Structure formats: C-alpha cells, structure tokens
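**Q** Going down the list, the protein sequences come from chains A and B. Sequential numbering of the first sequence, starting at 337, is according to this note's numbering. Sequential numbering of the second sequence, starting at 337, is according to this note's numbering.
Since the hints were made in silico from the structure, they are not lab data. Mixed in with the good hints there might be a few duds.
Given that identical chains are not distinguished, each listed pair holds provided it fits within a single copy or across any two copies.
Below, in silico cross-link-like pairs of lysine-lysine (PhoX-like), each with a Cα-Cα straight-line distance of 25 Å or less [said to hold, decoys possible]:
#, residue 1, residue 2
1, Lys420, Lys467
2, Lys842, Lys661
3, Lys496, Lys370
4, Lys355, Lys434
5, Lys375, Lys509
6, Lys370, Lys420
7, Lys789, Lys726
8, Lys467, Lys423
9, Lys686, Lys496
10, Lys789, Lys697
Remember, it's a predicted structure, so these values are computed and weren't measured experimentally.
Protein chains: 2
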Amino acid sequence: MGKNPAAANRGIPSKEDFKEWYPFIVEAAELVDKRYPIKGMDVWRPYGWKTMRLIDDLTHREMERTDHEEVNFPLLIPEDLLDKENKLVSLLKLAREKGVDPSELRMDDEVGGFAKEVYWIRHAGETELDKPMFLRPTSETAMYTMFPLWIRSHADLPLKTYQMVNTFRYETKQTRSFIRVREIHFFEAHTAHIDEEDATRQINQDLEIVENLMKDLKLPVLISKRPVWDTFPGAWYTIAIDVIMPDGRTLQVASVHHYRDQWARAFDVTYEDTSGEQQYVHQTTYGMSERLLGAIVASHGDDRGLIMPPAVAPIQVIVIPILSKDGSEEVMSKAEEIVSELKSSGIRTKLDSRAIRPGQKYYDWEIKGVPLRIEIGPRDLANNAVMCAKRTGEKTSQSLDGLVDAVQNQLETIGDEMMSNSLEHFNSHLQNLPSFTVDGNNLQFSEPIQTNKVYEFAFAGNDAEAEMIEKSTGLSFLGDSTKLYDKEQPCIITGTLTTRRIYLAKAY
Amino acid sequence: MGKNPAAANRGIPSKEDFKEWYPFIVEAAELVDKRYPIKGMDVWRPYGWKTMRLIDDLTHREMERTDHEEVNFPLLIPEDLLDKENKLVSLLKLAREKGVDPSELRMDDEVGGFAKEVYWIRHAGETELDKPMFLRPTSETAMYTMFPLWIRSHADLPLKTYQMVNTFRYETKQTRSFIRVREIHFFEAHTAHIDEEDATRQINQDLEIVENLMKDLKLPVLISKRPVWDTFPGAWYTIAIDVIMPDGRTLQVASVHHYRDQWARAFDVTYEDTSGEQQYVHQTTYGMSERLLGAIVASHGDDRGLIMPPAVAPIQVIVIPILSKDGSEEVMSKAEEIVSELKSSGIRTKLDSRAIRPGQKYYDWEIKGVPLRIEIGPRDLANNAVMCAKRTGEKTSQSLDGLVDAVQNQLETIGDEMMSNSLEHFNSHLQNLPSFTVDGNNLQFSEPIQTNKVYEFAFAGNDAEAEMIEKSTGLSFLGDSTKLYDKEQPCIITGTLTTRRIYLAKAY
Chain A
337 MGKNPAAANR GIPSKEDFKE WYPFIVEAAE LVDKRYPIKG MDVWRPYGWK
387 TMRLIDDLTH REMERTDHEE VNFPLLIPED LLDKENKLVS LLKLAREKGV
437 DPSELRMDDE VGGFAKEVYW IRHAGETELD KPMFLRPTSE TAMYTMFPLW
487 IRSHADLPLK TYQMVNTFRY ETKQTRSFIR VREIHFFEAH TAHIDEEDAT
537 RQINQDLEIV ENLMKDLKLP VLISKRPVWD TFPGAWYTIA IDVIMPDGRT
587 LQVASVHHYR DQWARAFDVT YEDTSGEQQY VHQTTYGMSE RLLGAIVASH
637 GDDRGLIMPP AVAPIQVIVI PILSKDGSEE VMSKAEEIVS ELKSSGIRTK
687 LDSRAIRPGQ KYYDWEIKGV PLRIEIGPRD LANNAVMCAK RTGEKTSQSL
737 DGLVDAVQNQ LETIGDEMMS NSLEHFNSHL QNLPSFTVDG NNLQFSEPIQ
787 TNKVYEFAFA GNDAEAEMIE KSTGLSFLGD STKLYDKEQP CIITGTLTTR
837 RIYLAKAY
Chain B
337 MGKNPAAANR GIPSKEDFKE WYPFIVEAAE LVDKRYPIKG MDVWRPYGWK
387 TMRLIDDLTH REMERTDHEE VNFPLLIPED LLDKENKLVS LLKLAREKGV
437 DPSELRMDDE VGGFAKEVYW IRHAGETELD KPMFLRPTSE TAMYTMFPLW
487 IRSHADLPLK TYQMVNTFRY ETKQTRSFIR VREIHFFEAH TAHIDEEDAT
537 RQINQDLEIV ENLMKDLKLP VLISKRPVWD TFPGAWYTIA IDVIMPDGRT
587 LQVASVHHYR DQWARAFDVT YEDTSGEQQY VHQTTYGMSE RLLGAIVASH
637 GDDRGLIMPP AVAPIQVIVI PILSKDGSEE VMSKAEEIVS ELKSSGIRTK
687 LDSRAIRPGQ KYYDWEIKGV PLRIEIGPRD LANNAVMCAK RTGEKTSQSL
737 DGLVDAVQNQ LETIGDEMMS NSLEHFNSHL QNLPSFTVDG NNLQFSEPIQ
787 TNKVYEFAFA GNDAEAEMIE KSTGLSFLGD STKLYDKEQP CIITGTLTTR
837 RIYLAKAY
C-alpha cells in the first residue's frame, strides 16, 4: 500500500496504487458491498444505487429527446433462439473467411461457441424443464423474436426501443466492481430502419448522445471503430467508446453496432415497402452499463476519495454547522434554512447534524465525493456569510445574499475543473507512437513502449501488419478513430498516405 | 364473447365477460405482448411499462417521504441460504403445532418444501457449478445475509431499505398478465428495528403508505390480517391488501409482514443495545408488484377499454385537431400551442396529428384509457374554446382562457369519479353473510351464497369452525379486517360477543 499522507488516518491507499485504491474506495464510499456470497455479484448500497439511477436518468432524458420508447423484455430466453444466433455468427465468420457478402450465404447448421458465457436453467422446483432457458447476456435474440410481430410496413419504421435491465455473463476472468461483473446493470437500445443509410443516421445520433452524456459525466473519451476481429458477433461494424483509466489502460464504457440486415435475415424481420415489396430491416444497437460509474470513480477520484460530477452526485451540497458554546441554536436554524432554500431550488442538499467533530464530517463527505461543502459557524453568521469548500480544492467565503446562484455557479465551476483535470490526464496519456525500425517481423522502437499509455498513429496496412504492431508492442488495436487526421499522413508501416488514425492500448 | 355495442367494431368483448375482456384489453391497449415464447412471461410494451414506472414513482415518493433507502441485491442466491430459510419455516410450523413460542425451539435439520417454486441454475456455459444457485422468489435470504454486516449497534436502527427488482416463481397454476406471472416486477421493503413495538410502528406506517397509494390509484381495498394458515412462511403475522375484482373475486395487491425476531434468529441479525448486550432485531417486510396495474385495468376499465387514473396515466390529455378544408393551419398551430402550454404546466399531453378520421383517434385513445380528450376545430377556435371529453363521460366546451386550470380541475374530477365508481362496485360486492342454520358440520343458508361477492361477519370461533364456514360456502377466509366492528356483535357460530370482522371471498 502506497503512502497517502492526506488520508493516512483513514487507511485510504494512494491513488497511484490504483489496483489497491479502486477496490478500497468503492466500498469505503459505500457504493457497493462485495461481501455477498457470490463472486462478481456485488450488493448496490443506497449511495451507489442512487448515483447509478442519476446516471440512468441522464440516459432516459436522452432517449426521450430522441424519441426512443422504453420496453422491458423477459430475462429468460429459450435455448432454440440461441441456436439461431449461433448460426448467424457462424455464417458471418464464414463470409469473412471467404471474403463474400454474408447475404450470399445461407444459414447452415454449424453452431458457434457463444454458449460458454451464459447461465443455464434446466430445472424449476423439482421439474426438469422440457425447454432449457438461459439468462440473457444481451437481448438481441429475445427482441428480434418479437420485432416481426411489431413491424408490418415502412410506416412502423424507424422502430426505436430501449431497456434498462439486468443481464448476466459467466465471467471467467477476474471480476472487479462495475468494471467486470457477472450481473450487469445494462442499458440497451435496439432500433430498426428501412435501410442501411437510415441505420447509419442512428449510429450518428447515438454518438451525439454519447457526447452529451460524457459532457455531464466529465469524461473525455476515445471513439473508434473496432477492428474486424474485435467486432461484436453479428455486427457489420462496432464503434466503441473508451475511457483512459488512471493506470493508462482503456475501459470500454459504451458501444454502438450497425447490424445492417444481418440479424433481420436470421430472425426474418421484414417490412412492406412503399411499392408493396417485402424488405429486410437494417438494425442498430447501443449498449452501456455500470462501467460508466466505474469510469467516474476511477477518473475523478483522488487520495481523499471520490469526486462526483455534479450532474449525478446524489448529494451535491453538504451543509455542516460549526457549533460552539454560544449561538449554536442560531447556527443550526440558519443551516436548516440554507438547506431548505437550496433544496427548493432543486439542488440536492443534505444537512449533517451528527454529534461528531466537523473534521470527521469533512472526511466522510470527501470520501463520498460530495462536490461542494458549506460550513457555517457563529463567525460566518456574524458576517452574513458561509464558507464554501469545493471538492476540487479552494475554499471561499460566500455572502448569504444570492447564495443559490453562487452555489449553482460553484457546482458549474467544479464540473469545469473536473473536465479540465480529466482532459489533462487524457492528453498526457495519448501519445504518438515512437519511431521504429523493422527487424524481420518485429519493430524496434527508439524509446520503450509504455503499457500505461495510449498510442496513436497513421495506418493503412493489412491485418498481418496490424498483428505485427500488436505483437511488438504488447498492446492491442482499439480501432480506427472517428477523428481522422486533418491532413494525410504516411502509414507508419507501408508509407501510403492516409487520414486513418489508429489507437493502440492495453484494454481492460 | 358477450355483446358490446359500444365497441362492436373493435372486437372488444363486453366487460361482463371479464374472463374474455381482461386478456383482450391488456394486449389491445398495448400494455404487454403475450406472444413471447415462454408462458407466463410477457413483454412490457412502452405504454404498459410507462404506466408501471409511474406507479413505481409514487412508491419511490412514499419511500423517500418515510426515509427508506433504495438498494439493489443480486438476483442469484446460493442454495445453502434456502436451506436456512427452510429450517426456519419448519421450525415455525413445529412451534405452531406444539403451541409454543418459536424461540423455545432450536433450528433442526428438517427441510420444508419451499424449493418447489424456484428456478435453478446448476450450469454456466459448459461448467457444472460447484454451488447451485436459484433465482430469487423474494429477497429475505439474500438481504438477511448482509444485514448482520450492516447492523452493529442500536444507532444503526431502524434500518429501512427497499428495492424494485425482477423476481421469479415457477407458477404451475394458469398464468395471467400482471396477476399471475413467472417473472414478477417486484417492490420489497425490508426493515430492522430494536424491538417488536418499533416493528409494529413500521407496519402501521406501511398501511398509511398503502392508503396514500390507493388514493392515487382510485382503488378501494380490503385490509385484513391473514389467518394463521395463510400467513407468509417465516412471518409472525401477515396483513394483506385486497381489491375486489369485477368478477367479485379478490386480488391481493400488497402485503406487509411482521417477522418479530424469527428471521433474525435464523440469520443471526443482532445489535448491541444501550447497555452493551446483544439483542436480535425485529423485522418487517412490505411487498407489491405489477398486480397494482392488473387491479387498475380490471377495476376501472369499461366496454370501450381502459380508464387510467390521472396520477399514473402516461398520457393524461390527448389533443385532437379537427381539420376541415378551411382554417386547418390555424387549428393545427393552436393545437400545438395548447399541447406545449399544458406540457410546460407538467401535464402529460400528446398531440395526435395522424392523417386519419377523428372518430378513429377517439377509439384508439379510449381503449388506452387516456383520462381527458381535447378536441379543437374551426368552430371551437372561433369561440376561443375547445371541447373537453372526460373518459368517465361528459363533454363540455371550455374557454381557452384559463385552460390549464380547467384541465387540472377536470383531471381531478375524473379521479373523483373513478373513485366513486370503484367504491360503488366495492360496496355493492361487500355484503353481510346471510343467516343460516347448522346441520351437522354444514351450514344451510337462507339464500344462496354467491361466488362473486365478498361476505363480512362477526366471528370469534376456532379453526375448525372457520373451516366449516369455508366448506359450506366454498369461499375462503381472507382474514380479520383491520376495521373492527364499532360495537360488539355476536359471533355467527358461537354467539360470543366480538368486534372481529371477517372477510370471506373467492380469491385469485
């Protein structure tokens, strides 16, 4: 455990020891309890769940703004639907191998290996079920069984649905709160469109939604089209959104998928077009999870605990009365007045009136990441003022006149400071790939490759050349940035001019 | 299918044929889709899910008001915890048989038959799990495993938590949307207290919450303490809340349970009291589900479709422009203006601008139960007015001046009318038990017992006498009403004076 003078007396590991700090802080801040007797399934405590629900509220807001409708599908999926999915995945794999369009092939009987990750239900009570079922890892198969019943003609399109549900994956890798869990708090949007172009417009809208959310969560992100070998099974292409974590590894926090008509062919989702012909729909999906909260914890926290973005902080302002022998009653009643004034302006505010030392209270709310602390004592009262301490640093006296506006401004400032801190981390971790010489199938770099950095470079090579870069660096292709180079650059391997910008990193 | 002149052209069965009407209407109003390939697991469609979420919002509001905190527990529960529960249930059964206090007995190894109703997970991917798990039917065992970690001293009490989650029961009886389903949208509050009295205060608070909710949902209810043989396993006593359905059968829509320290003994949930002694906590639970929506559908609907209580109507006001050859543009722009005015006053309003006949639109929104319809045509516009049609009947012209207030009043009136209609049904179905003579072990009634009524009567007899009443009527004891008789009455069997009022009915 590293040194952490700021919080030595609370036992908080230094954030530089990210591997120690993260699991410690998610429990110390009472986001989750990991002592539930199943590995990879945490109990959400009130503070953590409230934060997650506030994140979800932002998502609901965006879904409503963009005319998505919320549905809720059953958790259990009959086995035969998985077979359908496996056939689709096998077919796509085959098409890629043969270099042909998937629509030129027919569904064959070959079954892929997707069954590995799901939990199976074969018994209910003492009965062995005729029809085994599994817990959804995601809802394509469940939903696309119903879509043909809902979509008749072009007038039913676009169909834009979403749900927030629990999904399950039997993770064999090491689990980690919010980041790799076996019961996932999942958001999934599923849309159907008349053609590929309209589905592409949806992908662009999804990326705009991501941008809005990340602005509220104060998270700069890498957006890239995953390489073919890392595309979601069943997708034509996948665009993933990654955060750079404190240890320089990237964490995928969202992904959007263009399915073209591939699933529609497997599940027979068609519509009647304006000329009376049956056509396959084109589909997209967009997924997120509690990894958003994991990214918030990891990106913004410091040696004293969490720092919550004001937009999703369950408590935005904590009010702490500083009581002394004289005038305690006045201080207390003023504190209560302030709390009720802030609350009625829609600011999530709490009064801490516990009978413990103020210093103890500061620690408690710092660890939970409350953005703004207001202290009020007899001296402040005499000056018609309070002290405002931002969780991002700096303490100022603030007049009681116009306090609501002042608090709103301070919350805004805190958000700005969080974004600028995250950006600083982001920019310092995103670097150009060092120069190299080629030695057979290996690249010899002019300076050592660091596993805690994300590298970017121009690339126009083939899969074998990509693999050579991965092997030489020990890092992985995140994919093609959606942010192309402004001007053409020579590909680092072939020299061909290109605007393609690749991200290379070690991913979670 | 019965006659239903009002809706003959839509194929809606008459509500008198409740068995036909109910399953038809839940799909026709697009609350759920029952075509999902697993029996008893419906897909929630946007309109149904939105309504359920608005019901949930009322519950969240009440939980916040009463200082409950929301948590979220894993769905999966390890098998060994079920064994613990089964032992508790067996012990309570034994204590009842022996007529002793459960605390005088020790947990033995006898296992009850609770395992029958749960879905089992014994495989994940291709692995057979060391430790089988099941899908929660309810969360006592999951939660009470964690409570000992959260409760140390009396200062941690009361602990008041709740969650809204999916739970699962392997129903072998016939399933019915919202009423008997295999995946349940479940609300459960779990509290822990220093003693029996404080737990009892919680029970009273729960009943106050129920009262508030039922006021918003416009549902009169029967509240009764279930007979011992119908008490929730593990509970000291159960108070259930029942609605009288259109067919006179009762539907339990909520229940609250006083556990005393029975679960605490089984799960070792203790606290240190003020004198430093370890004491068992006393616990309560409070459960509800989508049956609330089932009761809304059944109680308020009519031959034309649903009628949604304004508090939970996803669309409270539908605005329908009546377009003619002249002045359509003006009508449309006025309609849009009205919608935005109502929306900004917090009224959930929608404009139906589809290019179909107004009559068709009326039908569509009637079937979905939108409380208030506003029609606006050129003639109304000329009079600076609109037509307001209440879903409960009656159509009036309303000036555009002060429209928001007028709409709010009308929604209030609709709610009042819904409550008065429900009360009328409720009162006409709640009757005194007819007089009878005793013939051996059978009661001969002076008039036939109807299975579509709920009977009430004074009772101070024993279990055998209760059983005689049940057998002679073919109905079941709902339990002891919390509304005692004002004056003592003679027990209908023994003649003993009592204020106990029993409800007798056929339950869902």
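**Q** For every hint, state whether the structure bears it out.
**A** Status of each hint after checking the structure:
no., hint, result
1, Lys420 / Lys467, "within (15 Å within a copy, 30 Å between copies)"
2, Lys842 / Lys661, "neither (57 Å within a copy, 66 Å between copies)"
3, Lys496 / Lys370, "between (36 Å within a copy, 20 Å between copies)"
4, Lys355 / Lys434, "neither (43 Å within a copy, 56 Å between copies)"
5, Lys375 / Lys509, "within (11 Å within a copy, 35 Å between copies)"
6, Lys370 / Lys420, "between (36 Å within a copy, 21 Å between copies)"
7, Lys789 / Lys726, "neither (30 Å within a copy, 64 Å between copies)"
8, Lys467 / Lys423, "within (19 Å within a copy, 32 Å between copies)"
9, Lys686 / Lys496, "between (38 Å within a copy, 18 Å between copies)"
10, Lys789 / Lys697, "neither (37 Å within a copy, 59 Å between copies)"
When held up to the earlier numbered hints, the structure conflicts with 2, 4, 7, 10 and fits the remainder.
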